[in-house]
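Could you build the full structure based on these sequences and the hints that come with them?
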Amino acid sequence: MEDKIAELMAKVAELEASSGVTNTMFAETYYYLTIPLMIIIHAGFLAYEMGSSRAKNVLSSGVKNILAFAFMIPTFWFFGWWVYWGFPTGLTFSEGAMGISGAEYASAIAWGWGDSAQYMGPNIADNASGVFFGAFALFAATTASIMSGAVIERIQTVGFVILAIVLGSFAWVVAAAWGWHADGWLVTKFGAHDFGAAGLVHAVAGFFALGVLINLGPRIGKFNADGSANHIAGHNMPLTVTGLMLIIVGFWGFLMACVIVPGEAWSWYGDKMSTIYGTPITLSALSFNILMGVAGGIIGAWIWTKDPFWMMSGALAGIISTASGLDIYYPALAFIIAFSAGVILQPCANWLERRGIDDAVGAVTVHGTIGLYGLILLGVFGAGYPALDIPDAPTVSLFGQIVAAVVFFLLGFVPGYVVSFILKQMNMLRVPEHAEVAGMDTTKVPAQGYPEGIVASPAASD
Amino acid sequence: MGFPYDEAAWSVVDGAMFMGWGTAMPGVYTAIAAAVCAYVLWAGNKSEHKQFDKKK
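If you read the sequences in order, they're chains S and B. Note that our numbering has the first sequence beginning at 395, numbered continuously upward. Note that our numbering has the second sequence beginning at 16, numbered continuously upward.
By construction, these hints were calculated from the structure, which means they are not laboratory data. Small disclaimer: the values here were computed from a predicted structure and weren't measured. Incorrect hints may have been included.
Per the computed footprint, the stretches of chain B lying under chain S, defined by three or more beta-carbons under 8 Å from a beta-carbon of chain S, are [to be verified]:
1) 34-48
2) 55-63
Just a sample of chain S residues kept apart from chain B, beta carbon distances all over 10 Å, derived [what the hints assert, rightly or not]:
3) E408
4) E498
5) I614
6) I697
7) K700
8) L727
9) R749
10) V790
11) I848
Negatives, chain B to chain S, calculated, CB over 12 Å [said to hold, decoys possible]:
12) D68
13) K70
14) K71
Even glycine gets a Cβ: it sits at the ideal position worked out from N, Cα and C.
Structure follows, in structure tokens:
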């Protein structure tokens, strides 16, 4: 009998070990797959920016965009990952209640040297660090790319890359540490909730771009002497619109990566998925609400503009306006909010333009204004939800969401303005006038976007 | 509206967890969303026909 029990126990242990391996492999694969999905966001940004550029600048816009992506990865590895784990409790760098934050903790898991280097490279006993790092590095690259579109056709390459690094590997990461971490002070003290990063990614990036645009100035020919604006059309609207659709595709990966899968030592639950705050979520919730958000944004922008550029920007605005509460919105409510975001999109962009800001792709409005709009609306509709899954958790409130909105605005705008101001003083911000007039491709890119022009080929005859 | 359970704790949630669950609000939102779609189709059609007439 005892032999039988021992045999049974051994079988149970074997089964447990086997299911543990399956779970670990699932978790690792889950986050691994979010990375190529998020790279589709970059394919989208690349197409979108190049299409929005005039033909004389098409390749230089592409070069800038590709470089932002490339520099974001190593700089996020050098220090961005440390910032996320080191900053949650604020500038004290102390350990939070969950024990997964503070300078000491960050230095133990997120530095590329010393003992902590074991978590920053291949390690047969660690199936999590690399895929988490990868997903966050792609969040960083997305954030930098949001700013990239606003400044096309007149920014210097290296100056831009420096700004991208400040935004992607530092500014938004501080916002994420404060408002997107179980020890983040905006969460633990104010109950801030921003599941899909409407504020801490989109608003930070949008208002960082605004700070840069103030110092960068408009493109030559954008404004007339009386202050009225001219529309500078990109050379390829179909490419722009397709790029926007690719960004929507990639967002499924972005939002999927915002979910914590169950059953691992670092999971919140053994049996269900959670948000980064430990509050429950399902992929079904995302499926309902992302789709309704995209649809609402497109329809809202169509009724106001009838313009495919704004309609696809409306799709983005639809997701961004609902992103904070994709885990808890009712789909019909998500549709209504997204619709309203689509409607207000172009008027908000026009308002900014009337103030002399030349945002070539509407990034400040789509990401900045709509990001804060969505963050604050969650405080209206979602007040009372527990912000963390811990006893006596703080609850979501309008006040808490407004505090988070102000903090995210400042975390974007201030570094964007200050660093671009310094770059301007160092003559590293804007290209010379003659280069801008001639076209940046002719000036600095040793390749041609359309060497044969765009010519119609004759149809084959019988 | 807010959290659809009496106690503000996730431990009491065992099913639907969206805003308005257990009240009439989901139905109200559904009606508004449907009305928005219908209005947009009506207004969009009207506006398109206006353009057709303008370009005659």
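We went through each hint and held it up to the structure:
no.	hint	in the structure
1	34-48	holds (count 9)
2	55-63	holds (count 4)
3	E408	33 Å, holds
4	E498	30 Å, holds
5	I614	34 Å, holds
6	I697	5 Å, violated
7	K700	7 Å, violated
8	L727	5 Å, violated
9	R749	29 Å, holds
10	V790	8 Å, violated
11	I848	27 Å, holds
12	D68	16 Å, holds
13	K70	14 Å, holds
14	K71	19 Å, holds
Of the numbered hints stated above, those contradicted by the structure are hints 6, 7, 8 and 10, listed in ascending order.
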